[in-house]
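Visitor: Here's the letter readout for the chains.
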Amino acid sequence: MLKNIENYFKKHKFQFWIFNTVIIVTLLKIFQMIAYPETHFSEFFTKDNMRFLFFGKPGEIGGLVLTFILAISSIFLSFFIGSIFGIARWSKIKIIKIPAIIYIELLRATPLLMVIFWVFFAIPVFSMAFFHTQAHVSPTVAAIIAFTLFTSAYVAEIVRAGINSIPKGQFEAAKSLGFTSSQTFIHIILPQAYRKMIPAFVSQFVALFKDTSLAYTIGVIEFFRAATIINNRLYLSFEIFSFVALVYFSIAFSMSKFSHKLEKKVEKQLNA
Amino acid sequence: MGYEFDWHVLIEYKELLINGLITTIKLSALGILFSFIIGSIVGIGRASKNFWISLFASYYVESFRNIPLIVQMFFIYFTFTLSQIFPFLNSWGNFLHINDVDAFFSALLALILYTGAYIGEVVKAGINSIPKGQFEAAQSLGMNRFQVMWYIIYPQAVRIIIPPLTSQFLNLIKNSSLAMTIGVAELTFATQQIDAETFRGFEAATAVTILYIFLTLTTSFFMNLIEIKFSKGVKNA
Amino acid sequence: MEPIIQMKNIQKYYGNYHALRNVNFNVQKGEVVVVCGPSGSGKSTLIRCINRLEDIDEGQIIVDGKDLYDKKTNINKLRQEVGMVFQHFNLFPHLTILENITLAPIKVKKVPKKEAEELAMSLLDRVKIPHQANKYPSELSGGQKQRVAIARTLAMKPKIILFDEPTSALDPEMIGEVLDVMKELARENYTIVCVTHEMGFAREVSDRIVFMDAGEIVEENTPEEFFNNPKTDRAKKFLSEILHH
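Residue numbers (my numbering), protein chains in the order written: chain A, 509 to 780; chain B, 3 to 239; chain C, 6 to 250.
These aren't lab readings, by the way, just hints derived from the structure by calculation. Quick caveat: nothing in here was measured; it's all calculated off a predicted structure. Heads up, a few of these hints could be off.
Listed next, the in silico DSS-like pairs over lysine-lysine satisfying Cα-Cα at most 25 Å (straight line) [to be verified]:
| # | chain 1 | residue 1 | chain 2 | residue 2 |
| --- | --- | --- | --- | --- |
| 1 | C | 82 | C | 162 |
| 2 | B | 51 | C | 242 |
| 3 | B | 51 | C | 82 |
| 4 | B | 51 | A | 765 |
| 5 | C | 133 | C | 119 |
| 6 | C | 188 | C | 133 |
| 7 | B | 134 | C | 114 |
| 8 | B | 51 | A | 521 |
| 9 | C | 133 | C | 164 |
| 10 | B | 231 | C | 76 |
| 11 | B | 51 | A | 769 |
| 12 | B | 51 | A | 519 |
| 13 | C | 71 | C | 82 |
| 14 | C | 114 | C | 13 |
| 15 | B | 16 | A | 518 |
| 16 | C | 112 | B | 51 |
| 17 | A | 555 | A | 565 |
| 18 | C | 82 | C | 13 |
| 19 | A | 772 | B | 28 |
| 20 | C | 76 | B | 51 |
| 21 | A | 565 | A | 537 |
| 22 | A | 519 | A | 600 |
| 23 | C | 119 | C | 140 |
| 24 | C | 112 | C | 71 |
| 25 | B | 134 | C | 112 |
| 26 | C | 188 | C | 119 |
| 27 | A | 518 | B | 51 |
| 28 | C | 71 | C | 133 |
| 29 | C | 140 | B | 134 |
| 30 | C | 82 | B | 134 |
| 31 | A | 518 | A | 776 |
| 32 | A | 519 | A | 765 |
| 33 | A | 704 | A | 605 |
Turn these sequences into a full structure, and let the hints steer you where they fit.
Guide: In structure tokens, the structure reads:
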């Protein structure tokens, strides 16, 4: 009988997800009843609070919208920077390879929080050192720079692995047809490699999306910081942070599932 | 150069830095140990042929992987007073010379749950990579499922997963920096403290980054040693 | 005497593929049965059902008087009585040869360590590789590994031994040493069901040959009758292909 339930759910994916949601909601409800019997969700779910959480202060960009802006701009910029370092890392030429290795390994060994602080502290220092003025950037810009630097190191590794996964025969065929190195890369290698890297990129984006919450520490009023601001006023941490967790979970989880589907599609294409 | 570097700050504040380092090490060591245990249990559950065990294990993995670690830390720290719910934490805190028991253990718990979810996936992959024949040979000798897992499958899987496992341990060390947001006086907290008092955040951040690199390199090195010691016998039989 | 293995009206599917069709198969205690047939005929599937490494969809299997699918039957206990030797050996790579052989007796049968080790050494003697006891499987040749696998199975003192193409993965010069061990076992009290392509072995020691094709048992007979006087066309075709290689 149990085997039949398993087979049923394999065939009816939609019912499976309904079933999962029901069980999880039940488990969460039981947890809530034990851990925190008196909830005050209604105090939290006001129009103003929700607007602040999702859109920020009126007149400014903040909240979840800002979270997305941070994540999207950073992944976009780090795509380019990371690709350059990734190709450099892959290269056999020592002058190109070694600086790339240093850049990548340094950033990968450092906690993201430290990178954020370091960028935040470094901007006035470097501007003073090189331009003799004390530059002040908005926390949001500093955050984007920090996220971009950090993510570019991971993107570089993805790019290097992607290029490595292209069979040597492709390079050899291109060479024997008379392509130069850069032509080989642009027309033959990179198009194939980038297709393979798509799942890894999406997964990196999901991680970055979650990490935007760290911008909280330098004052960026994105989704998480907005929640902490509300909590400082209302002191309803159970209600507020469980809602925050739910929102992050829903978005991150859907993106992961989407990435799985993409991965299967790409696999089909490449093995055709 | 327009900016005057003042590295002496670091010597003035060396106690803050050293205490921060020690706290980071405490968080990391305990975190690595317990997340490995939880991750192994969850991973074995995920790899299980039993539909329900595997399903509930995946509930755990998906929940804790998709919620940012900082949100988990805040949720635990601000909603619950761990030292009241679990009084034994006070004596543990004394033993480990921890000042803010609530903050430390909230951060530690979140670290363990979060990293445990990732380690669960690593362990699952390791178990699934063991050839089916190992399972069959053990079963055909009359071993029950627990014996098969404990004596044959899991020991082999652990050896195979040492590289991705190391990666997760390094992530934990880096993620311990988030504990500063709920007030744990670890390394990253020290950076901010020094900057607040001396405006020499840049120097502090540089020093702390070097310390983190030191921690991650040491851990990588030890895991490499472990891998070499256990590499006997992983070849095909 | 009730046969020690009884398989009645077995049906097995892999999805839509009908792997075993209406199989009825009995083995008497002490009998040596060889199962042969072309690839995909279901012969491996058949013997893997005997120790429930595969499950059937319809039918009944009774081993040593116990119904495999009765809820009261302790399958792990039953598997102690049914040993299996695999095509790809499946030795435990993280344990020494000696540990490979003693692990199950110690943990499953609760035999004291010293006794288990003595038994293991005597079995290694028997398969002629006692000096390999403290080596790891990766250090042995294919033929040696398979002999260890047989010793590991014998350490549990089973009543029945199943062989799933035990020599198919071996280099030709090592097949003989494994077949020699199997021939000795065949002459003793063990009930043996062996899936193999080694027709010389089959002719020499088996009591009965079972020929399978496309999931069915097509012909069963004594070795002399089967090889000299095959009754069905499919058996004739199979024999002509195998013997004229």
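Visitor: Which numbered hints are broken by the structure, listed smallest first?
Guide: Structure breaks hints 2, 10, 14, 15, 19, 21, 22, 26 and 28.
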